[in-house]
Amino acid sequence: MLAFLVQRISQALLVMFVISVIAFSIQDNLGDPLQEMVGMSVSEEEREKLRDELGLNDPFVVQYLRFAGNALQGDLGTSYFYGKPTVDVILENLPATLELVIGATLIIVLFSVPIGVYAAIRPQAWLSKFFMGVSTVGISIPVFLTAIVLIQLFSIGVTVTLFPEDTGWGSWLNGALSTNGGLPSYGRGDELTHLFGTWESGFFTQDGLLHLLLPSISLASIMLPLFIRLIRAEMMEVLQSDYIRYARAKGLAAPRINFLHALKNTMLPVITVGGVQIGIMVAYTILTETVFQWPGVGLMFLEAITRSDIPLIVAYLMVVGLIFVITNTLVDLIYGLVNPTVKLTGKKA
Amino acid sequence: MKKLLTAFVGSMALAAAPVAFAAEATKELKMAYDADPVTMDIHEQLSGGMLQLSHLTFDPLLRWTKDLGFEPRLAESWERVDDNTMRFKLREGVKFHSGNELTAEDVKFTFERLKKSADYKAIFRPFTEVRVVDDYTFELVTEKPYPLLLNAATYIFPMDSEFYSGETDDGKAKDLIDKKGGSFASRNMSGTGPYIIADRQQGVRLEFERFADYWDTESPGNVGKIVLTPIKENNTRVSALLSGGVDFIAPVPPTDLDRIRSDKNTDLVTMTGTRIIMFQLNQERVEAFKNPKVREAIAYAVNQEGIAAKIMKGFATPAAQMSPEGYQGHNPNLKPRYDVAKAQELMKEAGYEDGFTITMMAPNNRYVNDDKIAQAVAAMLSRINIKVDLKTLPKAQYWPEFDDRAADMMMIGWHADTEDSANFYEFLTFCPDSETGAGQYNAGNYCNPELDKLVEMANVETDLDKRAEMLQTVEQRLYEDAAFIPLHWQDLAWAAKKNVKIEPVLNVMNFPYLGDLVIE
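Protein sequences appear in the order of chains U and A. At position 282 of the first sequence (counting the first as 1) the number is 326 in the working numbering, and the numbers step up by one without a gap. At position 143 of the second sequence (counting the first as 1) the number is 137 in the working numbering, and the numbers step up by one without a gap.
Looking at chain U on its own, in the form it has when it is part of the complex (with noise of 0.2 Å):
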């Protein structure tokens, strides 16, 4: 266990090593940020004063090691825009991000698991066909479209005059497939609740979690089908293989089977990926983010780059690249909980 921390750890900060020399050297692509710190009409004298002063003139050794060098105290520097250390801003930001990805991740692991079970099962079954199809088309989508049409379907509201009014049945059908809206369209509501620090929490007011609602399923909405799909498959093989017959044979009832041998085993190659997923999610939150103007660290990231906010940019990287590397870890441990057969040390079995 030890050695396998130590190695983990090691690997980490060569990755977090990589990302700040990659992230460093795409700097001078990302455009001038004094365009966005000064107006038009100032004089060039007075932007050279202000990139000597931010340090934007040095060579890029020189510039990368002072950033090293403070990166290792903790200081990913200051952020042009918000003029606050880049730590905070993120750290400011990252709660609403979180939170997103907490209601995806409910929202899959509420619906997933039970449809992939049935689906698996029933294949037969007219309602996992219908799942199966649905899910096939939300593959397709891009997740801003969801959005897009989340918002028009909830939040405005679409009215229908398809159907003669005038009959019954037609205003019936007109009424249901119109839509009321009212459902808030961006960020997170007035009424937060203060846990600790900078978060801010909106899981428990009824504003907040109506705000949480379209950007959760937009996000969860990428992720869904892939799940449902892959529970299907994973749970589908277990139920064919030997134990399970022999455990019908020897008469166990289907429900324990079913969700107590078969789950079990269906659920590991699905937590591998699932850690993966959840990373991949992090960068899904930039559009979801940008669509519905929730205040993370996505549509943070975004504004950095197009204000060349390079502190901000470089710091966002660094921090996704620790989320990536430290849930990559944890999704081993976990790996080895469920099944303890698994060598931690990633050595030679």
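The hints are simulated quantities; they were obtained by calculation from the structure and are not laboratory data. Hints are supplied without guarantee of correctness; some may be wrong.
What the hints assert, rightly or not - Far from chain A, some chain U residues (derived; all Cβ distances over 12 Å):
no., residue
1, I151
2, V157
3, M362
4, G365
5, I370
What the hints assert, rightly or not - 25 Å max Cα-Cα, derived DSS-like pairs, lysine-lysine:
no., chain 1, residue 1, chain 2, residue 2
6, A, K168, U, K93
7, A, K304, A, K284
8, A, K24, A, K219
9, A, K389, U, K128
10, A, K336, A, K284
11, U, K93, A, K389
12, U, K128, A, K492
13, A, K492, A, K24
14, A, K115, A, K138
15, A, K166, A, K109
16, A, K226, A, K24
17, A, K21, A, K219
18, U, K128, A, K110
19, A, K109, U, K93
20, U, K128, A, K174
21, A, K166, U, K93
22, A, K115, U, K93
To be verified - With beta-carbon atoms standing in for the labels, derived distance ranges:
no., chain 1, residue 1, chain 2, residue 2, range
23, U, E209, A, D252, 21 to 31 Å
24, A, T79, U, H238, 50 to 60 Å
25, U, D132, A, D163, 12 to 22 Å
We put the CB at the ideal spot given by N, CA and C, even for glycine.
Once you've looked at the hints, dock chain A against the given chain U.
The following block gives chain A in isolation, referenced to the frame of chain U:
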């Protein structure tokens, strides 16, 4: 009779209503803009967002009216003392948010700070000092007679000298202007304006509360609280309005104008803007551009009306010059010239019948539909056999390329900080001179010393009619020379719920006077 009397009393009450409203500003306004102010220090950056903030939390000495005239605010009146001096009388009894009272010393303090601000110092270069006469009288002194004195005075938002003086706990001067962030003024504020910042999470939310001791008790404004949410994404901003999440949005993207017009719960207000979009022809990079006939041919080949109608969906005013209507230099005789046959003929006369190849660059996220406009212009030029190699870039990467003059034709948009034509010429058509900073954005390297001289003369001409004539001559000559290819002035659009009466508080400079906003 009794009925009549009741009706009479009722109408009296209605007539008195605005005053009654002003006494209790209770309404709440939720608004969504595409950005929020970068700092609370109004002298840190000169930008539209910062000026909007200045008008909310401070008050200028005087401000622009809708027809580009002036109306007194903190300065009650002004009169010329001599060629170089204007005397202002300050309103008495005006309180800052801190409780301090506004005096001429505050104006002097503010002026001196403006002179130190990298972004604002250019506007105040012609000024030498603010001379305090007594507590409520001061004089603005310029080096030479300066016709734009009042224009510049709209940028003086008096700051609370007592509040911004002294040192913070960590020993920094409180009036320090620091773009890298972390100054006292970028986190604390005391103005005389209608609103106080109650809560600020940069990039997320900005909350204003009405200032109880606001001096302008005649203002009909009845908004007690404003919540500003920056929403950059066009679709999201429009959805927020249509779903009732916010009451007021700006800007409205051209693609959504019809959607908002057809919505029965919202009002759309549009106006011709003052930002000119144009292309510059680099004469240093392309030999052919030195030939006035070639430049003219290009001017004839570009269809401004078509671009405004098709690409901008009617949301732009086609231009043949830089000065928009209302500016002194606006020359009403100049109309867009579009005539492909004429253009082809000119190319032939110039000896370029077979055309040539050029490079073109434009931003793709700075101006409305900028990349599409560039594509259209490239297509139009192909009809006179000019092959265009077009590259569009995000603005952060575009401006460094622009500074390097990296392409033969480059797009730029410009709004004159002084709301005056001379500003256009100084930055865009003056012979480039890195010493004086003249022609800083003249990527065409067009140079006509004669015109530069005329503009400089206009800049010390205080007879405004005479001055207008001079500037209009400049505009005419630039047109004849085809010094650049003007496209259009970008229109402005705002939208709000029906009960939010935004129309009276909007203006072409795009800083709504929200202190006067009435919500029914």
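Hints versus structure:
No beta-carbon of chain A comes within 12 Å of the beta-carbon of U:I151; the shortest separation is about 21 Å. Against the 12 Å criterion, U:V157 stays outside the reach of chain A, whose nearest CB is about 32 Å from its own CB. With a minimum CB-CB distance of about 20 Å to chain A, U:M362 clears the 12 Å threshold, and the non-interface call stands. No Cβ of chain A approaches the Cβ of U:G365 within 12 Å, the least distance being about 23 Å, so the stated non-interface status holds.
Non-interface status of U:I370 relative to chain A is upheld: no Cβ of that chain comes within 12 Å, the nearest being about 26 Å off. Annotation: proposed proximity of A:K168 to U:K93 holds, straight-line Cα distance about 22 Å (limit 25 Å). For the hint pairing A:K304 with A:K284, the CA-to-CA distance comes to about 31 Å; that exceeds 25 Å, so the pair is violated. For the hint pairing A:K24 with A:K219, the CA-to-CA distance comes to about 8 Å; that is within 25 Å, so the pair holds.
Annotation: proposed proximity of A:K389 to U:K128 holds, straight-line Cα distance about 24 Å (limit 25 Å). Distance check on the hinted pair: A:K336 and A:K284 sit about 19 Å apart at the alpha-carbon level, within 25 Å; holds. Using a Cα cut-off of 25 Å, the hinted pair U:K93 and A:K389 holds, with the two alpha carbons roughly 22 Å apart. For the hint linking U:K128 to A:K492, the alpha-carbon distance of about 40 Å lies beyond 25 Å, and the restraint is violated.
At most 25 Å may separate the alpha-carbon atoms for a hinted pair to count; A:K492 and A:K24 meet this at roughly 14 Å. Annotation: proposed proximity of A:K115 to A:K138 holds, straight-line Cα distance about 17 Å (limit 25 Å). Proximity of A:K166 to A:K109 is assessed by CA-CA distance (about 19 Å); at most 25 Å being required, the pair is judged to hold. For the hint pairing A:K226 with A:K24, the CA-to-CA distance comes to about 16 Å; that is within 25 Å, so the pair holds.
Straight-line distance between C-alpha atoms of A:K21 and A:K219 comes to about 7 Å, which keeps the hinted pair within the 25 Å bound. A threshold of 25 Å between alpha carbons decides the hint, and for U:K128 with A:K110 the separation of about 23 Å falls inside it, so the pair holds. For the proposed pair A:K109 and U:K93, the alpha carbon gap of about 17 Å is at most 25 Å, so the pair holds. Among the hinted pairs, U:K128 with A:K174 is consistent with the structure: their alpha-carbon atoms are about 9 Å apart, no more than 25 Å.
Restraint check: the Cα-Cα separation between A:K166 and U:K93 comes to about 20 Å, which is no more than 25 Å; the hinted pair holds. Restraint check for A:K115 and U:K93: the C-alpha separation of about 15 Å stays at or below 25 Å, so the hint holds. Evaluation of the 21 to 31 Å hint for U:E209 and A:D252 yields a pass: the beta carbon distance comes to about 24 Å. Remark: the range hint 50 to 60 Å for A:T79 to U:H238 is upheld by a beta-carbon distance near 56 Å.
Between U:D132 and A:D163, the C-beta spacing of about 19 Å keeps the proposed range 12 to 22 Å intact.
In summary, the numbered hints that this structure violates are 7 and 12.
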